[in-house]
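Sequences are here, hints too, so could you generate the full structure?
If you read the protein sequences in the order shown, they are chains E, A and L.
Just so we're aligned: 107 in the numbering used here is position 107 of the first sequence, and the numbers increase by one with no gaps anywhere.
Just so we're aligned: 274 in the numbering used here is position 274 of the second sequence, and the numbers increase by one with no gaps anywhere.
Just so we're aligned: 103 in the numbering used here is position 103 of the third sequence, and the numbers increase by one with no gaps anywhere.
In case anyone wonders, no lab produced these hints; they're calculated from the structure.
Errors might be hidden in some of the hints.
Claimed, not checked - Just the calculated beta-carbon pair ranges, DEER-fashion:
hint : chain 1 : residue 1 : chain 2 : residue 2 : range
1    : A       : R453      : L       : V163      : 43 to 49 angstroms
2    : A       : R453      : E       : G95       : 24 to 30 angstroms
3    : A       : Y150      : L       : V163      : 25 to 31 angstroms
4    : L       : T174      : E       : G13       : 26 to 32 angstroms
5    : A       : L26       : E       : L20       : 51 to 57 angstroms
6    : A       : V292      : E       : L32       : 36 to 42 angstroms
Quick caveat: nothing in here was measured; it's all calculated off a predicted structure.
Glycine residues also receive a C-beta, built at the ideal position from the N, C-alpha and C atoms.
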Amino acid sequence: MAGSLKMLGVGLGLLVLTTLSFALSRLHTGTLGLVVALVIAAAKVGLIAFFYMHLSERQGGPRLVIATAFVFVAILMGLVLVEAGDRAAPTMPPGPFQPLLLPGRSTVPKVAPPRASPGEGSP
Amino acid sequence: MSFEVAEPAMPREHYLNARRGAWSWLTTHDHKRIGVMFLVALLCTFLLGGMFALALRLELLTPGETVMGRLAYNRAFTLHGVIMVWLFLIPSIPTTFGNFLLPLMIGARDVAFPRLNLASFYLFVVGAVMTVWAILEGGVDTGWTFYTPYSTATGTDVLPVLMGVFVVGFSTILSGLNFITTVHTMRAPGMGWMRLPLFVWAIYGTSIIQVLATPVLGMVLLLVALERVVGVGLFDPARGGDPLLYQHLFWFYSHPAVYIMILPGMGVISEAVSAFCRKNPISYRVLVWSTVGIAFVGFLTWGHHMFVSGQSVLGAGTFSILSMLVAIFTALKIFTWTSTMYRGSIWMCTPFTYVLGFIFLLFFGGMSGVAVAVTSADLHWHDTYFVVAHFHFIMVGASLMAFLAGLHYWFPKMFGRCYPEGLGVGTAVLIIFGFITTFLPQFLLGNMGMPRRYADYPEHFQPLHVASTAGASLLGFGFLIIAAYLGWSLRHGRVAGRNPWGSRGYEWHSDSPPPEANFHEPPVFPYRPHDYSRPDLQPEVGHAA
Amino acid sequence: MRPEASLPPVVPQAGHFGDEASRQDAAHLGMWIFIASEVMLFTALFTAYAFYRYAYPDAFHQGRLHMEVGLGTLNTYVLVTSSILVALAISAVRAGRDLRAGGLLLGALALGVVFLFIKGAEYTQHAHDGALPGAWYDFEAFSMPGASLFFTLYWVMTGVHAVHVLVGMGVLSTLAVRALSGHFSVAYHTPLELGGMYWHLVDIVWLFLWPLLYLA
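Below you can see the structure in the form of structure tokens.
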């Protein structure tokens, strides 16, 4: 019965955190709100992994596996965002021209800027 | 205590004859039989991919149209790439020798999940058949990379190929999962991590890459499929998507995939160097940690495929430097192998000939890899034959040499018979020579500006192309000889006995070929793996009844 | 070098593994590796989300105004509750109460059905608005660059998740039948633990989808 009570307690925590996350989102705090929501989600995942997915009963292997997976999540997202963060604006979508099939595009298509004649300003 | 006497006899009962009939093979849970079935399947795909390689070289013999039109050429190189990468090189060593040897090397009866192992084989067969059928039927012309937006716009039928590769990916994940769990939970009691044979370490590192990278490929292929079916537009610039994101996700898998191909090969070489120099590896730890290092750093380098794709400067610089780190770990391995050979008692037999070829070609492939990792140099070499030659030195030069080294080293283990040694060494020399003749001219061609994936070229490139085609036909001839003498040896080769090489590898502690349960009696490993310093210590293994 | 002490032998007579405990170890480790690969599968989608959120900050910030936040939040509660039921089912089996475990599993399964129904109602609403993925996007009220990508990602991410919910429901129903017919005991319930872990994984993915798509 002790096991059931522990599970119920963890479950109560999950429901409280869910409510908290929802309530905080009503405040519309922008970027900070996103960070807070993700931190709360991570806390809930920690609870589920440790107690519901039996990580608390398993040493070694499983913990190593899941830690490794999170390292690689960070590598994939991190390096893609680092690369995108440094890109010159025209090479990020939607790019310098108005894409033809993008909803919400302005009705007047922008034209490509005229090419500077060679010799002036270019090496 | 026992030493093999002059005329060894085949063990009376072993895994090949313990059960009979095709059904016993198709429903087997025995890791050894599954390894052999994978070997047969992979040799078929290798034959198919190789035939198309020869067709490509034939087309490039003369400028203009030689034997096929341009669309046919595009389809042929797509077929060659897809089959060689996904249906041969990635599964090659782990699913064949890994399956066969990993449990033997750690003193286990089987892998952790034998039924999953069989499922992995059937998934591979289904995926392979789907892929091959789809390419032949739909005539895909995208190249093996399926770059968007071309792959979403081309009129050829890409969808079934994507699904085929997706299914093969599942098979890869299941194999990797199985091997990691086996190494973690099924080592013989007392076999600590630092007593694992080096081949086991290599398979372990490879499996980690497979498990973590393959799902990303699966998802990205699914997105391309969705793009074709419902036009989701995630990678379509016309809908505000970013094709470069496709390349990020694709290469997050497909660059580490290169290490899926090469790490097991390095494991084979580590085993073979010690066995045929009769010497302990100079540093076991360096070989282990460089394996782990390559597996990890291999994930940080994918952006070097995108230097000319509009990637940011910071991104390109970061990926360029991270890519060079791989060379450090590879160099550590090469130095360890060569210094292990130094003053060793070298036995110049067939596997060792391939080992020498491997080290030489890996050195060239690796060094040219550092060269193309330099952003400024890559602007010149990108998408030329220089890159083609570079990755063929790694994938064919190194991976395939390691596969052949393993095939010859463990052929007696798997089938209990030896092959004609003189013919083996001769063919190995022919293959290494043929390989260099094929791909050395391609370095020169690429540097002169010959772009890859072109069916046509100007007149003055012809002499080098002719040399390359001549080398390719030598290679093809060499493989035919190997197929002939190994096939002959299956039935008529000299009986090998338990340990024809006198190797100290743990896998030789059981009979060759091993009994169905791997060991008749509990094996005891009284020395470290690859330990040749104490010849007085003999394995204490029970004998066949 | 000092000669190594002999390793203790493996015991082939004991069959594949030594005992039930090491069988459990292997099964759990294998399941965790599978979960790790599922995590990477979804990471590809989350990376795409992060990238396009970075590229179209305004569209992704305003996207939630056009979502069914009430239904999405309700679904979060539904899925979390079903996870709790699965966890309680395992506790029940460990305490030797099979029937109760079977009932709890059926409850979790029912909540899975509820989840899919609510999801279906949401999908219907979006389809009615014309907020469909990619080429079929035709939503007048939310028409700015990046809006179509927000909804494309919404459909793909929740769609892939819904497929996992379906698979998880298949797993749960098998487990419920086996629990009710007395296959599990205090000593042997590894399949129940593994199936439960899969269901929790489905829950975990939703716990990230919910704030990203509905809240912030």
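Consistency of the hints with the structure:
1. R453(A) x V163(L): 43 to 49 angstroms: For V163(L) against R453(A), whose Cβ atoms are near 36 angstroms apart, the range 43 to 49 angstroms is violated.
2. R453(A) x G95(E): 24 to 30 angstroms: Roughly 26 angstroms apart at Cβ, these two residues keep to the hinted range, so it holds.
3. Y150(A) x V163(L): 25 to 31 angstroms: holds, 28 angstroms
4. T174(L) x G13(E): 26 to 32 angstroms: For T174(L) and G13(E) the Cβ distance comes to about 29 angstroms; the hint holds.
5. L26(A) x L20(E): 51 to 57 angstroms: holds, 56 angstroms
6. V292(A) x L32(E): 36 to 42 angstroms: holds, 39 angstroms
In the structure shown, a violation is registered for the earlier hint numbered 1 alone.
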